[in-house]
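Chains E and V, in that order, are what the protein sequence lines are. Residues in the first sequence are numbered from 1 upward in steps of one, following the working numbering. Residues in the second sequence are numbered from 1 upward in steps of one, following the working numbering.
No wet-lab data here; the hints were simulated from the structure. Treat the hints with care, as some may be off.
What the hints assert, rightly or not - Under the rule of at most 30 Å between Cα atoms (straight-line distance), these lysine-lysine pairs were calculated in the BS3-like manner:
1) K189/V / K261/E
2) K236/E / K324/V
3) K121/E / K12/V
4) K17/V / K261/E
5) K175/V / K175/E
6) K45/V / K322/E
7) K261/V / K121/V
8) K261/V / K261/E
9) K45/E / K77/E
10) K306/E / K236/V
11) K32/V / K77/V
12) K51/V / K77/V
13) K44/V / K322/E
14) K322/V / K325/E
15) K236/E / K261/V
16) K324/E / K324/V
17) K306/E / K51/E
18) K189/V / K12/E
19) K44/V / K61/V
20) K322/V / K324/E
What the hints assert, rightly or not - Estimated spans, in silico, between C-beta atoms of each pair:
21) Y190/V / P188/E: 54 to 62 Å
22) S130/V / Q160/E: 52 to 60 Å
23) P188/V / N29/E: 42 to 50 Å
24) N347/E / N318/V: 32 to 40 Å
25) N237/V / T6/E: 23 to 31 Å
26) K115/E / I164/V: 47 to 55 Å
27) P188/E / K115/V: 56 to 64 Å
28) G68/V / Y185/E: 52 to 60 Å
29) E305/E / N318/V: 15 to 23 Å
30) D350/E / G321/V: 38 to 46 Å
31) Y302/V / K54/E: 43 to 51 Å
32) C131/V / N29/E: 48 to 56 Å
Just so you know, these numbers come straight off a predicted model, no measurement behind them. By construction, the Cβ of each residue, glycine as well, lies at the ideal position given by its N, Cα and C atoms.
Protein chains: 2
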Amino acid sequence: MLGNFTYSNPTKLYFGKDALDSLSAELENYGKNVMLVYGGGSIKKNGIYQKVVKILKACGKNIVEDGGVMPNPTAEKLYEGAEIARTHNVDLILAVGGGSVCDYSKAVSVSAYCKEDPWDKYFIRFEDVSCDIIPVGCVLTMVGTGSEMNGGSVITNHKQKLKIGHVFGDNVFPKFSILNPEFTYTLPKYQMTAGIYDIMSHILEQYFSGTDDNTSDYIAEGLLRSLIVSARAAVKNPEDYEARSNIMWTATWALNTLIAKGKTTDWEVHMLGQAVGAYTDATHGMTLSAVSMPYYRHIMPYGLEKFARYAVNVWNVNPDGKTKKEVAEEGLIAMESWMKEIGLVMNISDLGATEDMLEGIASATFINEGGYKILDKNEVTEILKESL
Amino acid sequence: MLGNFTYSNPTKLYFGKDALDSLSAELENYGKNVMLVYGGGSIKKNGIYQKVVKILKACGKNIVEDGGVMPNPTAEKLYEGAEIARTHNVDLILAVGGGSVCDYSKAVSVSAYCKEDPWDKYFIRFEDVSCDIIPVGCVLTMVGTGSEMNGGSVITNHKQKLKIGHVFGDNVFPKFSILNPEFTYTLPKYQMTAGIYDIMSHILEQYFSGTDDNTSDYIAEGLLRSLIVSARAAVKNPEDYEARSNIMWTATWALNTLIAKGKTTDWEVHMLGQAVGAYTDATHGMTLSAVSMPYYRHIMPYGLEKFARYAVNVWNVNPDGKTKKEVAEEGLIAMESWMKEIGLVMNISDLGATEDMLEGIASATFINEGGYKILDKNEVTEILKESL
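Generate coordinates for the entire structure from the input sequences, incorporating the hints supplied.
Next up, the structure:
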């Protein structure tokens, strides 16, 4: 724990089967006009929409609806949402959905009263917020992004062919988030598994960086161990409440800034995966799983100590009588075997990537500098080839 | 992760060698009258007092001093402090010290405008706060209690022979805390080591309870592993910044509510240790260490699964070919050996307890019901005998 840092996370979380019961009391803290933001309408099928609307009405709120938030929310949609929020004098934006709906709601919250073009200001110029911010609350129905307790917001601009994330400060974090693991039961298994690997990858991106002895890495190891156990149980029985609740809680703490405190981070797997996603439109978590093993095998020699530690502390590899390299390799084999066991996609060809795309994907891959090896272009291409 | 729960922790933390530089900006959020609370004056010797006063003056604050907070802050002192805060229209209470100074400052913050007797209201009747609360900020100079990021406040009433803790809600948590590991360097080694075991005990009290698979326990294991490594390094070299910073950060997360979320907890070691403390006036952390091994050996058969898990996940015990009991015992042996290595007190006789006190200490020991075995009076006496 060497660096200077600030930790602040004001989001209040209500967790458990009865979590939605807390919404009424929270609503008392805000004015009458509530903007209800949601995605493609699955919340109408599983009844969560009806439950939320009933509570809003019982609390005497005026509801302004903004549905149809797409998996990758667009700048065009953001302009519309900001206009709706402003013209209806919205007092609270209530996001009901997964990471995209939360991300979008945060972007709207800082755009409604923004005097400039919010895409340019926040996502091109990465400027701080200088206007009034509409408070955001979340009712989470999908797990993985951690958007329920952080300032992250990713917006896509199709005209400019850009997908950019801004990490806002704690004044933009959701004021409250309602986390009921049962609300995630109706998610298809493929999406659940992809979400699990998204969580895993969030933790590993922060873990595989730096050489100091750092409490954050020990917390990360704890989260990883919990996730590994719960993922196995959830894949066997998606309605295993214990497993789904552990996964939900792990997801929140995997990306709410805690495990990055005082240390450097990598995020290269996300760079590779996002480039694959741009070419294949595949599910985010699966793009990460499909590039992970070739990436980690490639950088392992440069971060041997940490990979050996990972093998022992996370995968229970017995190091006795083995070289560091053997221990590290055994850890990656255990990881690979777990990934296959829970049904993750292990090759980008299974996501629709073809050999002729590799050059383009490699060019689209941003090179980060926090990992154990700063990749060059040839290495990126090599890793992508291995991932095919 | 089975229970319903709420998580909210609004304390903003500034961590690192330059953390005090953030004080000026924080002070802008509060009015002119700052009550400066500290203990016996060690902060004047190590220069922290002078640094803080310089910043307060540079920010144009009126300083109202309230020094002399004792290691176990008293109800009498609380009455005085509340009077000072009220008559001086204090806008911010700035606690500069360890857990006692923070605890006391929180108690003053909810007592200044309390219409009733605050001791009776908060510490006898455990009522919620119903008056205005003066915001509290902390500059931490001792590590262990976690008071810098929670609502805990322990006050002692000598007339009534009572020492009682109230856990206030998040409206009483410090608004901000400044954590510079270097500020803890001047603490004598005995106090540092006692603080380390206080942290260890906070984690174990929350860990050794319950049988479900729970993310909180995995996070606890991570914190324990970090603490074990850092404690060894800090004892060798108290100015090892990496170690001291990891210990400081672990202390905060050991008792800021996170690792108790969704689970039951025990706290029986604290009940035993506090009773020993009442008879010997020994340092809190050492009373905990002196009773821990007999207590854990006594309850181990009732929580065998968890103790075996503890041995493997925290102490790297290799379970191959061993019974659960053998694994669990090996874990406790490893723990005991670490405790001796870092210089913890292992017997209550070394703290001044004598055989003729045992009856009284046993009677003063409150019996909790969250652990693996609800003790009866004979068991308490037995454990204390073993601790002699």
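Does the Cβ distance between K115/E and I164/V fall inside 47 to 55 Å?
Because 54 Å falls inside the window, the suggested range holds.
Hint check: K189/V vs K261/E, CA-CA at most 30 Å. Holds or violated?
holds, 27 Å
Taking only the CA atoms, is the gap from K121/E to K12/V under or equal to 30 Å?
holds, 27 Å
Lying within 43 to 51 Å: is that true of the beta-carbon distance Y302/V to K54/E?
Since Y302/V and K54/E have Cβ atoms about 46 Å apart, the given range 43 to 51 Å holds.
Given the hint that K236/E pairs with K261/V, test it: the Cα-Cα distance must not exceed 30 Å.
Given pair K236/E, K261/V holds - Cα atoms ~25 Å apart, limit 30 Å.
Are the Cα positions of K236/E and K324/V separated by 30 Å at most?
holds, 27 Å
Using the C-beta atoms of N237/V and T6/E, is the stated range 23 to 31 Å upheld?
Cβ of N237/V to Cβ of T6/E: about 27 Å, so the range 23 to 31 Å holds.
Is K306/E within 30 Å of K51/E, Cα to Cα?
violated, 47 Å
Starting from K261/V, check that the Cα of K261/E is at most 30 Å away, please.
holds, 21 Å
Is 54 to 62 Å right for how far apart the beta carbons of Y190/V and P188/E are?
holds, 59 Å
Starting from the range 15 to 23 Å, see whether the pair E305/E and N318/V falls in it by beta-carbon distance.
With Cβ atoms ~21 Å apart, the hint holds.
Lying within 52 to 60 Å: is that true of the beta-carbon distance G68/V to Y185/E?
Once the Cβ atoms are compared, 58 Å apart, the range 52 to 60 Å for Y185/E and G68/V holds.
The structure fails hints 6, 13, 17, 18, 32 (numbered hints given earlier, in ascending order).
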